[in-house]
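Add chain G to chain S, keeping to what the hints say.
Residue numbers (the working numbering), protein chains in the order written: chain S, 1 to 136; chain G, 1001 to 1235.
Please keep in mind that the hints were generated in silico from the structure rather than gathered at the bench. For every residue, glycine included, the Cβ atom is placed at its ideal position computed from N, Cα and C. Take the hints with a grain of salt, since some may be wrong.
What the hints assert, rightly or not - A partial selection of chain G residues facing chain S, derived with a Cβ cut-off under 10 Å:
no., residue
1, Ile1012
2, Asn1028
3, Ala1101
4, His1103
5, Ile1118
6, Leu1159
7, Thr1225
8, Ala1226
9, Leu1227
10, Ser1228
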Amino acid sequence: MVAPPSLRVGAASGPDATIKSNIVHEYSIVQALLDRAEVEARARDARSVTRLRVAIGALAGVEQELLRSAFELARVGTRCAGAELEMRSIAASWRCRSCEVEIGPGSVLSCPSCGAPARLVAGDEIVLERLELEVA
Amino acid sequence: MCEECGCGDPEIVAVEVQESLLAGNARNARHNREHFAELGVLAVNLMGSPGSGKTALMEATARARHGLRLAALSGDLATDNDARRLLAAGIPARSITTGSACHLDAEMVHRALHHLPIAGLDALVVENVGNLVCPAIYDLGQHVNVVALAVTEGEDKPLKYPVMFRKADLVVLTKIDLLPHLEFDLEALTDAVARTMPEPRLLPVSARTGEGIDHWIAWLGERRTALSAKAHSGV
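The shape of chain S in the complex, shown without the other chains (with noise of 0.2 Å):
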């Protein structure tokens, strides 16, 4: 019997490039991460980053240890090798869509008073805030 033609269409460029960079999405936040460094490294010709500090929300879906672990893997032999890496957590928090009451941890998300939906005003965040780069 022929093998049916596969459907693949394939996303996967090389075992290599998968396995380190997406086995769990924080390799992808932290290649991300150290591109984006890279980048504003060059930019001002620093020989490396010191720091780096990201803020992440508790509804990013970004596990710290994870990113952490993750971060100690692929810096090795970028300008990131030596950086120190703040993580600063950000605590969800819900408000009315139309009133803007403020939704507790917890609750269920309509408006206690006028019964809207609710929106979140933060804890959705995996940001690069700032950088610091020693030049020479």
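Below, chain G alone, put in the same frame as chain S:
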């Protein structure tokens, strides 16, 4: 060189960046969204655990009589089984083999669209990699997020995976034909969904018996209509 005294010691310079680390994906997602808008195709990001019944839902959708023209992309770690099942059911489909990646991203969808014509369709369903965590984080350029949750998974799943349920426009509760065999607390699920989704919407279906599938198709149709209404009003 140190600017203060010119001693040659390295200087530390602070740079404020304040940029999302998902900015690259967000750009690609915007590109996909523009493409879908130009073609008037509703893009659905269908997520859920492995075995939650995402593919079965689409097969049941294909079996039901309706006027929607659909196509699908299936994200899968290692096989193209899901795309084969959809194709056999009559839905044009392609598989995005992610290797070890736990989620699809906008770039993967963009590249896959080069192999799947979608002009003239009503909706493209992107069946994401089975996973309740990672797929929620990556915008694919979809118009709506749907989470398939099987009754066998337990009613507290939304509370355990709030990141995904927060983004859902609809939760399709699958495999309801199994309810007589389970002690499933629908009220507890309804409460969990209300605490994780700002606009909770729960749709019980059985792909096996076909129960609820017409409501699911009607929902897709409404969202498709809303899309063209939006395009025509120029909003």
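The hints, checked one at a time:
1. Ile1012: holds (5 Å)
2. Asn1028: violated (12 Å)
3. Ala1101: holds (4 Å)
4. His1103: holds (6 Å)
5. Ile1118: Not OK, violated: Ile1118(G) not within 10 Å of chain S, min 13 Å.
6. Leu1159: holds (9 Å)
7. Thr1225: Constraint on Thr1225(G) not satisfied, violated at 22 Å.
8. Ala1226: Hint on Ala1226(G): violated, closest Cβ of chain S at ~17 Å, above 10 Å.
9. Leu1227: violated (20 Å)
10. Ser1228: Violated: closest Cβ of chain S sits about 24 Å from Ser1228(G), beyond 10 Å.
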